[in-house]
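Listed below, chain by chain, are the residues.
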Amino acid sequence: MKCEEIFEALSEYIDEEITIQKCREIEAHLEHCSNCRIVVDTLKKTVALYHAIPAENVPDEVRLRLHKVIRLENGES
Amino acid sequence: MEVLVPTDTELLERIRKGDSDALELLVSRYEDRVYNLAYRMLGNREDAEDVLQDTFMNVIRSLDSFQGRSSFSTWLYRVAANAALTKLRQRSKREKSESEFLDDVYSVKEQAHAGVKLTDWSANPINQLLNEEAQNQMDKAIDELPEIYRVVFVLRDVEGLPASDVADILGLSVAAVKSRLHRARLYLRNRLSAYFSGEAQAP
Ligand SMILES: [Zn+2]
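Which chain is which? The protein sequence lines are A and B, in order. If you number the first sequence the way my numbering does, the last residue is 77 and the count never jumps. If you number the second sequence the way my numbering does, the last residue is 1203 and the count never jumps.
These are calculated hints, taken from the structure and not from any lab test. A portion of the hints provided could be inaccurate.
For lysine-lysine, the following BS3-like pairs were computed, each having C-alpha atoms within a straight-line distance of at most 30 Å [to be verified]:
id: 1; chain 1: A; residue 1: 44; chain 2: B; residue 2: 1140
id: 2; chain 1: B; residue 1: 1117; chain 2: A; residue 2: 2
id: 3; chain 1: A; residue 1: 22; chain 2: B; residue 2: 1140
Just so you have them, the derived chain B footprint on chain A, three or more residues with Cβ under 8 Å [as the list claims (entries may be wrong)]:
id: 4; stretch: 19–31
id: 5; stretch: 39–49
id: 6; stretch: 55–61
id: 7; stretch: 69–75
If you only want the chain A side, here are some residues facing chain B, beta carbon under 7 Å, derived [claimed, not checked]:
id: 8; residue: 35
id: 9; residue: 52
id: 10; residue: 64
The beta-carbon is built from N, C-alpha and C at its ideal position, and this holds for glycine as well.
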């Protein structure tokens, strides 16, 4: 496989959504192509970093306003 | 007596009969997820609050049209994603044009072709990389994504939904979700590479 094809398949590769056959081909390529290896490792790390950002919960005052608006809306209907 | 947690469907039935406690319960169940989606899509609290309110207002007003063909959460995410996209379109654009975005996505391929040695910053542990400044950079990078890439990335990689659900929510094929996701990730990787390798070189 060429770098070109590898490049397009990297997300499916890190999400483990490809066939075993294709996975083996990619891994064989990665063994001797350091740039593709770096792209896959840093891509994986990028996804992991975004996963690791703590979720933004509704601030208390926003929650209060939301429930107030909902009660008003519901009272009208 | 055992206390059963009501399902979404049970709550919806109670809401249709005018039970306002059931409505509050259903909103409480999903408000954090909707807010997080909105916050990551819009990048600030005021817009996120507007999207949160718009989402639940739209949900309440169109409850009668919810047929239950998809799950309630899929339907809710669809309403929320649309509210976020509407808000995004109302404000002045910060994102890149699609052609600029794609040029950037594929710049790494050209670099690799030209024999440039890429920098590997992936060995650094997440807790070391993820400081406040890095998080700001990551938020800014999301803000640069054209909306069709941004919404897919946020649903899939921030909210953690499976690609098939994202496809259902956005009315896209799974293949389209995957290709947009891949481009969004490549773009963000380029951004983070520039940031982290630049930082690594600093004294
Ligand atoms: Zn290669």
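Consistency of the hints with the structure:
1. 44(A) to 1140(B): holds (19 Å)
2. 1117(B) to 2(A): At roughly 17 Å apart (the allowed maximum being 30 Å), residue 2(A) and residue 1117(B) satisfy the hint.
3. 22(A) to 1140(B): Not satisfied, since the Cα-Cα distance of roughly 35 Å exceeds 30 Å.
4. 19–31: violated (count 0)
5. 39–49: holds (count 10)
6. 55–61: With 5 residues close enough to chain B, the hint holds.
7. 69–75: holds (count 5)
8. 35: Nearest chain B Cβ about 4 Å off; hint holds.
9. 52: At about 5 Å, which falls below the 7 Å cut-off, the nearest Cβ of chain B leaves the hint on residue 52(A) intact, so it holds.
10. 64: Constraint on residue 64(A) not satisfied, violated at 11 Å.
Against the hints set out earlier in the document, violations occur for numbers 3, 4 and 10.
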